[in-house]
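Student: Here's the letter readout for the chains.
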Amino acid sequence: MSVSVGLNCPSCGGAIQISEGDNVINCQYCDSLLWVEGDAGVITVAYKNLQDRDGVLRATEQWWRKGLKAMDLKKKGRLMECYPIYLPFWSTTTRVAGWVCGYEERHYTDKHGNTHTERIPKEEMVLRDYQYTNIACDPGDLGIKYLRNNAGEVSFIDFESIPTFESTTSKDEAVELSKQRAMSDARDDARVPHVTFEKITVIPKRLSMIYYPVWVVRYAYGERMYMATVDGVTGNVLSGRAPGDPLYQSLAVTGGTSIGGLIGAAGLAFGIGADDPTIAIGGLVIGAVILGFTYMFFRHGSEIIDGDFDDKKLGNPLKGFKIAGTKWRFN
Amino acid sequence: MKVLQIKCPHCQQPIYSKVRDLAFYCSHCKTMHIRDGGINVIDFDVAEFHTNSPPDRVYMPFWRLFSGFTINQSNVAGGMLNKLGRLLKDTANGGNIFIYIPAWETDVNEFKRWAMDLTEAQPVYSLRLDFNNVERAPTVVPKEEAMKMADFVIVTMEAEKPGTLQYLDYQLQVHDARLIYLPFIKGAGGVVPGF
Amino acid sequence: MASMKCTKCGAPVEFDAGDKFVKCSYCSSQIYVDRSGAGFYYALPFAMGENDAIGVFRRWGGGSNKAKDLDKLAQISSLKKQYFPVYMFKRDVDGMEQVHVEPAASTTLPGLHSLKIPGGDLKIFDDKFDSSGAELIKPDIEMATYLSDLPGAAKEQALVYFPIWRLDYVFEQRTFVVVISASSGEVFSADFPQRSSVAYMAVAGIGFVAFLAEGLLALSSPLPAMIMMVGTVVAVFLMANFVARRM
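Chains as they are written, first to last, in the numbering used here: chain A, 66 to 396; chain G, 207 to 401; chain R, 509 to 755.
Derived from the structure by calculation, the hints contain no laboratory data.
Quick caveat, the model's predicted, so the values are computed rather than measured.
Please note that a few of the clues may not be correct.
Quick list of in silico lysine-lysine cross-link-like pairs, DSBU-like style, CA-CA up to 35 angstroms [unchecked claim]:
(1) A:K264 x G:K213
(2) A:K264 x A:K140
(3) A:K140 x R:K598
Residues of chain R clear of chain A, computed beta-carbon distances all greater than 12 angstroms [what the hints assert, rightly or not]:
(4) K531
(5) D638
(6) A733
Even for Gly, the Cβ is constructed at its ideal location relative to N, Cα and C.
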């Protein structure tokens with residue numbers, strides 16, 4: 066990501082392009098090598114807000130129609146207020162270099178019913194950069210813990226007019242967290258089930274602070290006040306709470322009990338009498354899992370939650386605060 | 207945030223470069239410095255080209271890590287060659303070695319290839335005092351990062367040999383890192399050594 | 509904006525919450541804003557008004573683990589707009605920065621002991637600050653009581669006024685309290701009327717067992733089993749709908 070941040074070359078006055086997190090840059094006009102010094106060693110960038118009030122409200126109304134939210138939300142929902150804020154995020158690049166060695170066990174059953182275990186030795190190299198973002202203040206009930214988007218125009222133009230949440234967490238903690246996270250992601254990526262030897266070096270490469278524009282929308286449904294947040298760059302809804310619908314809850318549990326019950330019954334019907342109890346148990350387990358999921362929706366589906374909320378019981382648990390591991394290059 | 211022009215700590219002349227280079231070389235007084243927490247003037251080596259080298263010459267930067275290294279135990283499934291053992295001259299399984307870390311912008315395979323090749327077959331060259339107006343590739347790997355890559359190079363050498371590495375117990379201390387510019391010839395398929 | 513005296517020429521210099529360096533407009537010297545001593549006061553603005561706070565409470569009260577109709581039946585007995593003081597300590601521990609947040613006033617209110625770090629647009633709190641009618645809770649815990657237990661050396665410390673709505677409500681003759689962060693809308697509560705899961709589990713359990721039995725019955729007598737299944741679908745749906753709406 067190369068961006069213009071409104072800084073000028075001290076030698077020739079030309080506007081300079083910097084990459085997020087890079088201390089050393091060369092001026093494209095006069096070839097001067099330049100040193101960028103951030104506050105307390107941290108380079109700060111802010112994304113330009115590209116959304117306006119109307120667009121944000123439209124995005125919220127569209128979000129109301131999606132998913133299993135209350136069916137009358139689009140009629141009864143009343144938009145109350147809508148304002149942009151800048152949220153601070155730590156953005157880190159962490160390089161991982163190392164080897165994970167060990168073995169994988171495979172089991173074979175021959176025609177006499179004897180099981181053989183084969184050990185396949187494995188040596189896996191891990192060498193890549195991991196990029197993470199992590200919110201730098203307590204997000205409270207905003208439901209945002211990391212950034213989904215890392216493309217956009219960087220500019221401090223709106224910095225004065227949009228309220229800015231100050232960063233209140235420690236930068237060293239952010240680096241430490243990224244190191245731990247990169248270490249465990251690298252281990253997962255190596256895919257060695259039984260590790261006999263491992264040497265992984267974790268190198269923090271870059272740390273910067275990103276101020277990202279987010280719109281907060283509050284809306285009422287009946288007497289209740291709900292909220293949603295909208296990405297100020299992409300215009301997508303990032304997080305939010307919305308009322309659910311008892312009809313969907315009832316349909317879910319009806320479906321779950323019938324499908325789950327019948328799969329369980331099928332398992333029992335085919336499994337009982339056979340030598341192998343796996344079919345009977347498997348059928349019951351699959352039935353129970355389906356029942357479990359639909360029960361959770363039935364029990365807690367009166368509020369639909371999107372985003373990184375601590376009290377979220379439904380939906381896919383999003384995997385941490387990772388954006389992406391990038392292909393490794395020395396750059 | 208503020209932006210400063212990088213100047214030579216020795217003669218105060220500004221330093222110019224067409225590309226981003228972390229090794230700041232002053233063409234006036236031939237001083238090189240890096241900024242790793244502070245402003246530090248560093249020593250560096252420039253190797254002489256082979257006398258009959260073709261004209262497409264380029265200097266590639268390496269961090270040469272002077273390291274103490276001991277293998278205590280190594281277990282390789284299905285292999286027997288010991289590359290590392292051959293490198294250690296003092297005793298059978300311990301001694302000092304130079305580890306070469308490519309410092310320019312490389313991809314994974316290039317990085318592995320040059321690190322392995324030069325660490326295994328230590329380059330022999332005579333030194334000169336300046337770059338003799340030969341183009342040099344920019345350094346993009348900071349010294350500290352190069353020093354941290356030592357373990358990776360060592361384990362890679364053991365893992366890349368025939369067989370599958372299962373266990374390796376070794377000790378490695380990186381004592382010092384020195385920036386070395388080695389002569390290369392630009393060709394169609396990349397660079398080839400010119401020393 | 510707050511101001512301090514230029515360390516070089518003594519002229520007043522204005523600076524804002526995030527500034528680490530300021531430039532003196534008289535003598536042009538760069539001044540480091542030293543925050544390692546005590547004495548910095550910040551406040552977060554109220555992002556939510558009274559009606560918003562009540563609405564957030566009703567939304568929270570309608571949550572799936574709250575007593576049924578808590579949002580409608582709870583009688584709000586008082587609603588107070590308050591600034592609650594917390595200390596924010598930035599410490600240098602072996603070269604690593606750590607942030608600690610501790611309450612600056614003794615309180616039994618939920619959430620305020622475990623506040624991580626209040627997120628918000630920090631404003632410098634001085635006599636010009638508009639507290640918009642909120643009651644200021646006086647800090648009654650000295651900063652010194654925490655300082656002795658904190659690791660490392662001081663880097664920055666400040667008193668931050670955190671905007672809250674303190675809401676007391678009565679439900680079935682009992683009084684409860686919630687604290688609503690007026691910055692993010694987060695609701696803190698220690699104790700609240702719970703909703704039982706029994707009815708939900710009963711519907712799911714009965715439905716599952718019924719379908720299991722009917723599925724097995726279908727092996728021997730498919731037609732009666734099919735008819736029973738259709739009946740069970742309708743029954744489970746009606747029960748579930750009743751429970752989801754009314755229990």
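Student: Hint by hint, note whether the structure agrees.
Tutor: These are the hints, each one checked on the structure:
1. A:K264 x G:K213: Violated. K264 of chain A to K213 of chain G sits at ~39 angstroms, over the 35 angstroms cutoff.
2. A:K264 x A:K140: violated, 59 angstroms
3. A:K140 x R:K598: Given that 35 angstroms is the threshold and the Cα spacing comes to 48 angstroms, the pair is violated.
4. K531: Correct as stated: the minimum Cβ-Cβ distance to chain A is 14 angstroms, above 12 angstroms.
5. D638: Check passes; 15 angstroms lies beyond 12 angstroms.
6. A733: For A733 of chain R, whose nearest Cβ neighbour in chain A is about 10 angstroms away, the distance does not exceed 12 angstroms, so it is violated.
Taken one by one, the earlier hints fail for this structure at numbers 1, 2, 3, 6, listed in ascending order.
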